[in-house]
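Participant: Sequence:
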Amino acid sequence: MLFHRVVIPFAFMLLGGISLACQAVTPFPVSKQIDSFDKDVARYRLVLSGLKTEQATTFGEDERRLSGTLNRTVWRLQDDLSIDELFSFYREQFNGDERVLYECVGLDCGSSAFWANEVFDNPRLVTRDKDQAYIATLSDLEDGKQKVTAVYIARRGSRQTMINVDEMITADAVSDRQSLTAKINDELTHSAGWLSGFKANKDQLDENASRELLDILANLNPALKSRLNLVVHCYSAPHMKDNLSCSERLAESLRQRVSSPNNPVQIYAQGALTLAPNNDLAPALRFVFWPRR
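Read in order, the letters of the sequence shown are residues 0 to 292 in numbering that gives the first Met the number 0.
These are calculated hints, taken from the structure and not from any lab test. Glycine included, each C-beta is placed from N, C-alpha and C at the ideal position. Don't take each hint at face value.
To be verified - The calculated lysine-lysine pairs, modelled on DSS-like cross-linking and capped at a C-alpha distance of 25 Å, are:
{"id": "1", "residue 1": "Lys38", "residue 2": "Lys146"}
{"id": "2", "residue 1": "Lys129", "residue 2": "Lys51"}
{"id": "3", "residue 1": "Lys182", "residue 2": "Lys144"}
{"id": "4", "residue 1": "Lys182", "residue 2": "Lys240"}
{"id": "5", "residue 1": "Lys129", "residue 2": "Lys31"}
{"id": "6", "residue 1": "Lys38", "residue 2": "Lys129"}
{"id": "7", "residue 1": "Lys129", "residue 2": "Lys201"}
{"id": "8", "residue 1": "Lys182", "residue 2": "Lys224"}
{"id": "9", "residue 1": "Lys240", "residue 2": "Lys129"}
{"id": "10", "residue 1": "Lys51", "residue 2": "Lys201"}
{"id": "11", "residue 1": "Lys224", "residue 2": "Lys51"}
{"id": "12", "residue 1": "Lys144", "residue 2": "Lys201"}
Stated by the list, open to error - Here are the computed distance ranges between Cβ atoms for each label pair:
{"id": "13", "residue 1": "Thr188", "residue 2": "Leu47", "range": "23 to 31 Å"}
{"id": "14", "residue 1": "Lys38", "residue 2": "Asn278", "range": "30 to 38 Å"}
{"id": "15", "residue 1": "Asp142", "residue 2": "Thr25", "range": "19 to 27 Å"}
{"id": "16", "residue 1": "Ser138", "residue 2": "Lys38", "range": "19 to 27 Å"}
{"id": "17", "residue 1": "Lys182", "residue 2": "Ser66", "range": "23 to 31 Å"}
Produce the entire structure from the sequences given, and follow the hints as far as they go.
Facilitator: If you want it as structure tokens, here you go:
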């Protein structure tokens, strides 16, 4: 456990601003709440992809504009922890029913000024691009609505970190599982290409976030499976051998999830030997049917 050296005092749980019973995302131990509000919003900006810049304008390649009730809480933490440690603390809270829609760490997130000013409207969140992290998740509620959670972490220097936590209840369609399933099935009608829905946290396959894709691949009919070849690519490491090692670990995880002795799938690892399909350099999955259709 990364956080054995910090403990949540009992008094903090009782007195720390918004009670933890009402705050679904547990704040980092000994962080201090510095801002909080609840309000109805009409065009909340949810970014679900890497960033792109055209004509001096930066935007997410995949964004949603949502209406609903937003609770925003900003925390300040004075502790000399790395961005990876901070991100892991929050990332581990989303291993249940929540689906991770998008996540990034460091330079993969792009411009910190964009996140701070354009998404969260808070210039105090601006930091160096290598010292940031973001995660967006989705969970279904019993009344048919959905809950969106977006956490942005900005490590502004030693012993100075800002953490923005957005929790929003919306009736809008955020991420339609049927649409993603249809998209993956449509991609598989071609002879080769990139597959949507492949999610990984560095070299660890995110089975929850990749659920639709994994279920489709595992249940392909034997005739298609016998001709299906999957190729895993990692891109984030500066050295090719590290990208290849990452790809090999993801390929093995994928092999265990979708292949079987009686119905095998050929799965390979090739590192960054093919150009990335997106600007965020996240791990990606390519497929080839051979012999071709």
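Participant: Okay, which hints does this one fail, numbers in order?
Facilitator: 4, 6, 11 and 12
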